Amino acid sequence: MVKMANKKTRGPDKTQANTSDIVVKKLDDATDIVRQPPVFTNDSKYICIASGRQIGIYSVESADKVHSLEEHTFDVIGLAIKDDNILLSCDASGETIEWNINNGTTLKKAPLVVAGIKEFHSFHYPGNGKVLVATPSTYTTNMSSLWIVDSHTRPRKLFADIKSTPHSIAFGCNQGNGSLVVVALQDHSVVVKDITNGVDKKHMTDQRKFTCVALHSEKLIMATGDISGRILIWHDFVHKSRPVKTVYHWHTLPVNSVCFSSEGEYLYSGGSEKVMVKWRLGMSRKQFLPRMGSSIKYIVNAPDNICVATSHSDNAIRFIDSTNKINRAIIGLVKHDPIRGFADTEPIKESVMPTGLVFDPRSHGIFFNAQAGFLQLFDPQKNSLIFNMDVANRNVLTDERNLVIGNAEVLRVAVSPTGEWLATLEVWSNMSAGYHDMNLKFWRYDAVQANYELNTDVTMPHQDRVTALCFQPGLLGTEMPCLVSIGRDLKFKIWRLVDDTDIYRQKESWSCDVAGDFRKLTPSALSFSEDGSLMAIAFQDTVTLWDPTSINLNTTLSHTLVQEPIELMEFGRDNCFRYLVCASKSALYAWDVISQGLVWKVGQLHSSVRCLVPDPKSCYMAAVLQNSEVFVFSPSSSKPVHSVPKMNSSEPIAALFVPRPNPLASGPEWLINSRLLIVDDQQEFLCVDDVSSAGFNQKLTTPISHMDSLPWTPFSAMKAEKQISAAKQLVPVVHQTSGIQGYKSVQSLLETSASALPPMSRICSLFMSDLMIKHGPKAVTAKVNSVDRTSTDLPLSNGHIDSKTQDFSEETTLQKLLTLDCQWLVETVK
Amino acid sequence: MASFKKTQIRSLPKIGQKVTADTLYWRKLNFPVTVKEFGPIDYIDVMPIEPYFIAVSSAAKVQIYNPITHQVHRHFTRFKEAAYGASIRSDGKLVIAGCDEGHVKLFDIGSKSLLRIFKGHKGPVHRCKFTTDNVHVVSFSDDKSVALWDLPSETEIIKFSEHSDYVRAGCVSSISSDLFLSGSFDHTVKLYDARSPTGSTISVDHGSPVESVLMYPSNSIFVSVGGTELRVWDMLAGGRLLARVSQHHKTITCLHLASDGKRLVTGGLDRHAKIYDVQSYQVVHTLDFPSPVLSLGITPDDFTVVAGMANGLISMQHRQTQAEARALNPKQSLKVQKKSQTAYRFRLNADFRSVNRTFNPATDVEVATKTDTNFVSRYDMFLRKFQYSKALDTVLTPYIRKKKPAITVGVMHELIRRNGLKSALAGRDDSSLSSILTFLARNINDPSHANIIIQVANTLLEIYESSSLTPQSEKLFLQLQEHVNREVEYVKHLMEIEGMLHILLASTTTQARRSSTYAVQGSPVKPMLPSAAAAANATMIFNVG
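Chains as they are written, first to last, in our numbering: chain A, 1 to 830; chain B, 1 to 545.
None of these hints come from the bench; they were simulated from the model. Any given hint could turn out to be false.
[Said to hold, decoys possible] Taking lysine-lysine and the DSS-like style, the derived pairs with C-alpha atoms no more than 30 Å apart in a straight line are:
| no. | chain 1 | residue 1 | chain 2 | residue 2 |
| --- | --- | --- | --- | --- |
| 1 | A | 286 | B | 6 |
| 2 | A | 507 | B | 5 |
| 3 | A | 278 | B | 5 |
| 4 | A | 507 | B | 274 |
| 5 | A | 382 | B | 18 |
| 6 | A | 507 | B | 385 |
| 7 | A | 507 | B | 18 |
| 8 | A | 325 | B | 6 |
| 9 | B | 404 | A | 286 |
| 10 | A | 209 | B | 404 |
[What the hints assert, rightly or not] What the simulated footprint calls covered on chain A by chain B, stretch by stretch (three residues with Cβ under 8 Å from a Cβ of chain B suffice, anywhere in the stretch; the number is not a length):
| no. | stretch |
| --- | --- |
| 11 | 501-512 |
| 12 | 746-756 |
Keep in mind that this is a model prediction, so the values were computed, not measured. Yeah, the Cβ is synthetic: ideal placement off N, Cα and C, and Gly gets one too.
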């Protein structure tokens, strides 16, 4: 009990000492570029894109970023081109900034003053110094009021209770005389205001809700889309109370965006069908651009009519040229659409980013879900997308009007310790049809082609949903790679690479080696010890330890104190290799796998543990709770080294320790070699990092050698990664070499089968000359030493365990249960 | 991105013999032409130069066959008793044969005249060979001796009598005229050098009576067969054993090289001829014969394979020529022809369009390769247009339904994914319904497709359960039910057997554990997975039955 009391007092102390210089940062660059519609410059050479607090100016020709404008402190809510090369932007706090597009400099900053309102929804600039802003509606939530702000008159409220999406406000129709018409959408009606002539109109149709509106900049026509997929073209809607309407109906799903071409000849429309429709107004002709990858959010037409930009929900902006072809794209990090079509019994955490974050040791990137059936690799160092890979290789299916049609989703990803193999599990299920499909795919990285090649595709690897996939880590897993999968069909399966080579071809493929079960219990979690010599599988509250090579059950661990089903389980790393940390719904506890006793337990957690992530570079581990608290602890003891209080309302989904390219000079031990990355349910990246290690955008202290980025060639493979030239070792080598002069050629002669040898007469002279001692100038021998990456690993050999027994014997007195419900978690929260 | 991805057709690999380049190559042999002789065919030798005459020794005569016409070109009958091991000289002019009375006789193929008789053996001579210099003859006799003879002077040069049993196998080196091998029933294979008359240079023990020996053209390896084993020896390493292969289950009698020395063929009393890869000694193909094979001959161009059998049959098989293949399968060949024509036209157009006007079809033939990547099948075309019923119709044509059920299942799978199966199946008339039902009944017990077929069957039953059916469709539904019932019965049996096996496995593992002191609690027995058919049927019981 004394010990426990000690811990209670000491624990928080240490925490406080560290909190001061550890901060939680938001990763900015990963934000989406499609939240606001992009804006073309007047000469159609550049496109301005708002992404979070930044504005990017991209070249339309090359889709490359020209300038990055970062002055706003809040999210940008609207962009507009003021003059030929002046960009006007406004953020959510109402600060407007004017930028020079050509050189990216700030020209003017001014706050918007609208009746003391501090929050703004959207921003539009019709011209002549007039500004339209939408502010939150005073009475109804999720609605906006539209204000017109002029430099010399008081802000005037145009409409109240209009929809707050950027599509629902449009302006234009100057009809050659400079008049301005503003329209806005309410749920079932369109409100129209002719500002110059002071005409008000309100048009209503049937019960279909409007989704988007567009006005032509000069002609008096308006287009509206609604949730049934119908597009209405309104003629002379300002003056007549019952204007003439034309119906264009092709979409089955709600129309997300409509846009006129600058001459008013064509109308572009798009929605969740992933098809852009180009209508010729006044005629029945229409053109389609199908399979655009992802549903269309905005369509923007360039002023010179040369191209059209479409913003897609997969965080990409695509440029469509006049021949109706996609020719360029700006692609950002893709947000994963929550999976639909699964059974209701599925927990929510499975629906958003089900793969979690998986570290790729080869590229030092992170794998996680992209759009349905895709997987993306993200480089956290450079904050950029490395690639987006199509795992399912299926046509992306769109929903029908009253029918959700699911797509294949990547549910689990595992990467082999060397990064050579990638295992993906894709699931497609249609609960209305009562049918589901599952594919386990093994991909091999081809260093020459620099991409992943599909090696094996297993249909229905388990009869029911697969819970976890894990490659055997450590040295043992490198030569004979081995993957373990557990599923809800109560089985665990071990997959091994099988050499299938015959005289015709070289081939390797994966096949199931062993399928096992344990007392007909559901396996729930899976973990390997760091060196891969021990495999732990949790079956409800019982932990089973297996020898992965022989598949013998070593031990089962269970205790009356821990009877909840285990949800997460991880082995400790480094010098905590012997501890196995398990998390159940309300408790966190650790087993010692050598003494086979429960070491500590923390019960009555505030909320359940969402992720349990070990740091690969140190012995520490982080537990991320559902209420976004984070605790960093060493598995050997229950007291946390660091704790992060509740961050915000969002719920964490996945976490990962990302190794740093070069260690920090100072800081807490667990932050020196890596930092903690957390993704929340909005799929925003948060980073728990030291203050001193500046933001992600800072330059790396050591430049990445250009050699790293080059593809491999046969010659580079021959070249050692590191060469040490030691002139000292020029000591007389004659003595040594004389003994083994020609050793190689003798050996090769002996090893080559007689049938493969060339005629003796041909190799004789060569062979003899090899045997002769040469008296030429001695060559400088450089000792070539290839760096062995894995040498630092501590294999869990017997010797290693024996060396540990000394300090272990002290613990045996406290064996079984050292601390009981020390409650620190509860207290730190309070 | 904008391209339509084709429907994935999953076809599981067929269990059984894999189709490899070798099986295709050796399967191209035509139906054999057989000739009946009076006695067992002792030896077959093929003339190494065109026209590849075949010397067959059986009973008391040696016959030279023309491999094309299958007619006897020459026959030599001047033997009192049986003739053995006739072999043709490399220039194709002379033939030599041993006989029961211990003589070795030399004939001229052109004039049929007997030119020389080598006397000196006391026992029958079963094998005799010309050396590479063409002026010496080696004979292997039952008097346990091997003799080298000078052709012009008809005299014996050396005689080795080292064997302790009949010498029934022998061959000469293809490089040196002084080296020759003998294999005897005393289990040994000996290598002789005529330049060292003291005795054999290498002697290896085969382990069973040696029936045939062969030296590789490189002269560094030799092979011996006898018993059910094939052994490979390294000559340069002084007779090191390189490989032991046992693929026949009866005595191997003959040995031959094929495919330009890349394949080795052995024939045995088990009526098979096995073809091996000479690097790995893996069997790449097996030829079957109606009777025990005693001798084999393969022409150097692999065009003719001749096998002599114990019942006196000679089987001669020719490789199929292109003209023959066309005659046999006119439809397919027409397609091939058409394809080549279009390819040529395509080539021509392509080149005329390009800048290079100096097009010469004769020399620039390899310029164009037409790729079929843009080919979109009909069902994909309909799927692309969301015409699900039509897509299903295209894959229910008799040809696809019967020959390529994987395509039909693939499209059904895609329809399930698209949630369009119901609309594709609904509202069908009698004839199209019957084609679906027959397809389902035929494939419902195929484990690789059962998953999807059951889903389709369930949907079909759901749609048509309340509608009135014609007697014909009703009959087909009943037939489907019968198929399902039979399968369920079958799976029940299998599960019973599985249960029995479980008991056996469990008892053996517990015994094994009891014997070892290693005590583990609850070590898992590798549980046997239900087969795909069993698993599919477990669900079927719920759904259909």
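Between the stretch 746-756 of chain A and chain B, are there enough contacts, at least three residues with CB-CB distance under 8 Å, for the coverage claim to hold? With 3 residues closer than 8 Å to chain B, the stretch 746-756 of chain A meets the three-residue bar; holds.
Sort out whether residue 6/B lies within 30 Å of residue 325/A, counting only the CA atoms. 21 Å, holds
So if I understand the rule, the pair passes when the alpha-carbon distance is 30 Å or less; does residue 278/A with residue 5/B pass? Distance of about 24 Å is within 30 Å: holds.
Whether chain B covers the stretch 501-512 of chain A (at least 3 residues having a Cβ closer than 8 Å to its Cβ atoms): holds (count 3)
Is the straight-line distance between the alpha-carbon of residue 209/A and that of residue 404/B 30 Å or less? With Cα atoms ~49 Å apart, residue 209/A and residue 404/B exceed 30 Å; violated.
Residue 286/A paired with residue 6/B [C-alpha distance capped at 30 Å]: Holds - the C-alpha atoms of residue 6/B and residue 286/A are around 26 Å apart, at most 30 Å.
For a C-alpha distance cap of 30 Å, please report whether residue 507/A and residue 385/B respect it. 39 Å, violated
For residue 507/A and residue 274/B, compute the direct alpha-carbon distance and say whether it is at most 30 Å. 25 Å, holds
CA of residue 382/A to CA of residue 18/B, is that 30 Å or under? 49 Å, violated
Do the alpha carbons of residue 404/B and residue 286/A lie within 30 Å of each other, as the hint requires? Roughly 39 Å separates the two Cα atoms, so the pair is violated.
Quick one, are residue 507/A and residue 18/B close enough, alpha carbons at most 30 Å? Holds. Residue 507/A to residue 18/B sits at ~15 Å (cutoff 30 Å).
Holds or violated: residue 507/A to residue 5/B, with C-alpha atoms at most 30 Å apart: 27 Å, holds
In this structure, the hints that do not hold are numbers 5, 6, 9, 10, in rising order.
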